[in-house]
Amino acid sequence: MGLKRKHLLGLKDVNKDEIKLILDSAESFKELLGREIKKAPVLRGKTVVNLFMEPSTRTRTSFELAAKTLSANVININASTSAVQKGECLKDTVLTLTALGADYIVIRTSMCGAPHFISTFFGGHVLNAGDGINEHPTQALLDLYTIREKLGKIEGKKVLILGDIRHSRVARSNIFGLQTMGATVGVCAPPTLIPKNIEELGVNVHYNLDEALPEYDIVNILRIQLERQKQGLFSSAHEYFEQFGMTDDRLARHPDLMIMHPGPMNRGIEIDPGVAESPNATITDQVTNGVAVRMAVLYLLLGGEANE
Amino acid sequence: MSKSIVLKNGKIVDVEKIESYIGDVLIEDGIIKKVGKDLSADETIDCTGKLVSPGLIDIHTHLREPGFEYKETIATATRAAAAGGFTTIFAMPNTNPPCDNEATAIYIRRRNETTGIINVEPVGCVSKNREGKLLAEMGGLSRAGVKMVTDDGSPISSANLMLLALKYSKAYNLLVANHCEDTSLSGIGVCSEGYYSTLYGLTPIPKSAEETMVARDLILAHEADARIHILHISTSWSVELIRQSKSQGTKVTCEVTPHHLTLTDEMLGSYNPNCKVNPPLRSKKDVEACRKALLDGTIDCIATDHAPHARQDKEVEIDLAPPGISGLETALGQLFAELVHTGIAPAELILSKLTAGPAKVIGMDAPIIKEGAKADLTIIDPEKEWTVDPENFYSKGKNTPLKGRKLKGKVFATIVSGRTIYLDGKIKEEVC
Chain R
1 MGLKRKHLLG
11 LKDVNKDEIK
21 LILDSAESFK
31 ELLGREIKKA
41 PVLRGKTVVN
51 LFMEPSTRTR
61 TSFELAAKTL
71 SANVININAS
81 TSAVQKGECL
91 KDTVLTLTAL
101 GADYIVIRTS
111 MCGAPHFIST
121 FFGGHVLNAG
131 DGINEHPTQA
141 LLDLYTIREK
151 LGKIEGKKVL
161 ILGDIRHSRV
171 ARSNIFGLQT
181 MGATVGVCAP
191 PTLIPKNIEE
201 LGVNVHYNLD
211 EALPEYDIVN
221 ILRIQLERQK
231 QGLFSSAHEY
241 FEQFGMTDDR
251 LARHPDLMIM
261 HPGPMNRGIE
271 IDPGVAESPN
281 ATITDQVTNG
291 VAVRMAVLYL
301 LLGGEANE
Chain U
309 MSKSIVLKNG
319 KIVDVEKIES
329 YIGDVLIEDG
339 IIKKVGKDLS
349 ADETIDCTGK
359 LVSPGLIDIH
369 THLREPGFEY
379 KETIATATRA
389 AAAGGFTTIF
399 AMPNTNPPCD
409 NEATAIYIRR
419 RNETTGIINV
429 EPVGCVSKNR
439 EGKLLAEMGG
449 LSRAGVKMVT
459 DDGSPISSAN
469 LMLLALKYSK
479 AYNLLVANHC
489 EDTSLSGIGV
499 CSEGYYSTLY
509 GLTPIPKSAE
519 ETMVARDLIL
529 AHEADARIHI
539 LHISTSWSVE
549 LIRQSKSQGT
559 KVTCEVTPHH
569 LTLTDEMLGS
579 YNPNCKVNPP
589 LRSKKDVEAC
599 RKALLDGTID
609 CIATDHAPHA
619 RQDKEVEIDL
629 APPGISGLET
639 ALGQLFAELV
649 HTGIAPAELI
659 LSKLTAGPAK
669 VIGMDAPIIK
679 EGAKADLTII
689 DPEKEWTVDP
699 ENFYSKGKNT
709 PLKGRKLKGK
719 VFATIVSGRT
729 IYLDGKIKEE
739 VC
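Sequence order for the protein chains is R and U. To convert, note that position 261 of the first sequence is 261 in the working numbering; the numbers rise steadily by one, no gaps. To convert, note that position 429 of the second sequence is 737 in the working numbering; the numbers rise steadily by one, no gaps.
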């Protein structure tokens, strides 16, 4: 049992059966995570390298925990303390890791397509843990898992992704994954944060949150980087919160909404603390599910290998 | 007296009338001695089934020398050009030092005399040190035989400097050319903005980054009553703006690259840095608009924008890679495969846009195959099928998105001043 693909670079070209397989496996791994002794020998003798060229807490920890629970050797490389600081190019970093015996490279980078680039010469498995504004496939998979867990199914659900769609790898991977699983996707943001031609991906575009909310079952709220305001993409945090923030009032008007957020959150900028801590919110469940989903991906990318 | 050569039984292309006829061309002492039938000479090149064209001219080539010899040199670029059928190329001035003065222009000529194998015409900078602030010494550049000035690689961002350049250059009969890109709009973009930039998650470059500066430059040229040449035009609206301005009498010319005539932004899905070019590959609609404009005369010529880079420059993440395609050796095959063999454009028209077209833009006489003309000639086998292997390039720049692509149409021979410098796949050893 396994995936036929060698790498997980994005969800753009991952089909429904593959996603279902990942989510089903994640279910068994989540059960394992609930046990007294959280350990399975699935990746014993394998080396997983977390190559993080950008700051990250939850994704890196989540991958580390997933790999360790599966008994892999885990190495964490942080760009700020590695030879990258000495001007080493990505190719040499990866060739070095290959020589050290890496079986997996989990890469987080600000460069779009970097995971695709290293997959052209790295002999092991490449997992995209977020590449620039492109994709963050395991985040979308854990979001899908959480939706299925909470609402029983994904098909037919209506999901509104709220926030900086233009610069969001989470949005892109969610759009691909949700659509593949039969959900309807909308996006809501100031027009300056909506990428061009996104409606051609089959996505509904909204500029008015209050008009959009009644149409949706789930709101997935993205972190708004204050950097974008400095770039002039919106006028002020105050105005953003007023028009696009998930406030207590808005939740009160739509009490059945499921509230998701990939973190890290800016309380009071894109989400009210009351919303984040409401029973509607699945934010901490998403974190827990992330470990199970990443275990499933690490396991399934071995393909038939693990059972041999 | 050198050996005479006869090009036997070829399809001779008249790039002015855009037609061809079967005949022989006799070459002696570097010039075309005779064009006719049943001619004979010391040496015969059988051109049956082949096109005999005036030598191709590329008015937009990055030779990288001086300063970036690790990417390309005048020696390697001129060999690549010869293999691509070009007999004259214009060396873009974004070198180090930039070609912003008479001495550097003369240096480039000298280097070509000693290391090059075809004609190289230096292009000068518009601004001192290519900084976009103050005008370069255009008089000196003109004395060194420079015919065109541009800060290519960078735009002339200041409208005031552009207007001054358009006026000042008239004293020296220099053509001002601009790389139109409003960098406040293009930013750190990688992919033309549209469906594919959104699908692939690549930082977008809006088309308006090019179009707004094209529009500005047309207005400035009109005001200055000066000639202007728009480099590597790539969007449907840019084309439309130029079409309209031409009809109103603005003295504008423009060029398009082979890649903007044949490739689209869909290719960026590979995240291959060799698909990264500036301006970026555009949508199918833009490619079609460029093709139409080439056919109706809105676009005056085809230029390669040959931009060689070293392996280490391009073997990085696409965001970090410098833009550019090594294009001299694939231009003709690409144009024949995608435009001629598909029935979109006759071979004679494509060849005209690679010969008479650029000559007119620069203000040179149109190259015609006739008695007494300089024997700069290119012989093309239009039916030859071949596969692009950058490792076989003469250029140091192996950066092509066409690796592994099957093309149809190849240069058979390149003749400069009566000397055959490239024949049947190889640079002739005696010229090396």
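What the hints contain is simulated information worked out from the structure, not anything from laboratory work. All values derive from a computational prediction rather than experimental measurement. Be careful, since some hints might not be right.
Negatives, chain U to chain R, calculated, CB over 10 Å [as the list claims (entries may be wrong)]: (1) 345; (2) 357; (3) 423; (4) 437; (5) 451; (6) 455; (7) 462; (8) 502; (9) 505; (10) 506; (11) 512; (12) 593; (13) 626; (14) 695; (15) 706.
For lysine-lysine, the following PhoX-like pairs were computed, each having C-alpha atoms within a straight-line distance of at most 20 Å [said to hold, decoys possible]: (16) U:478 <-> U:455; (17) R:196 <-> U:593; (18) U:736 <-> U:311; (19) R:91 <-> U:706.
Quick reminder that beta carbons are idealized off the backbone N, C-alpha and C, glycines included.
Original post:
Okay, which hints does this one fail, numbers in order?
Top reply: Violated hints (numbers, rising): 8, 9, 10, 11 and 13; every other hint is consistent with the structure.
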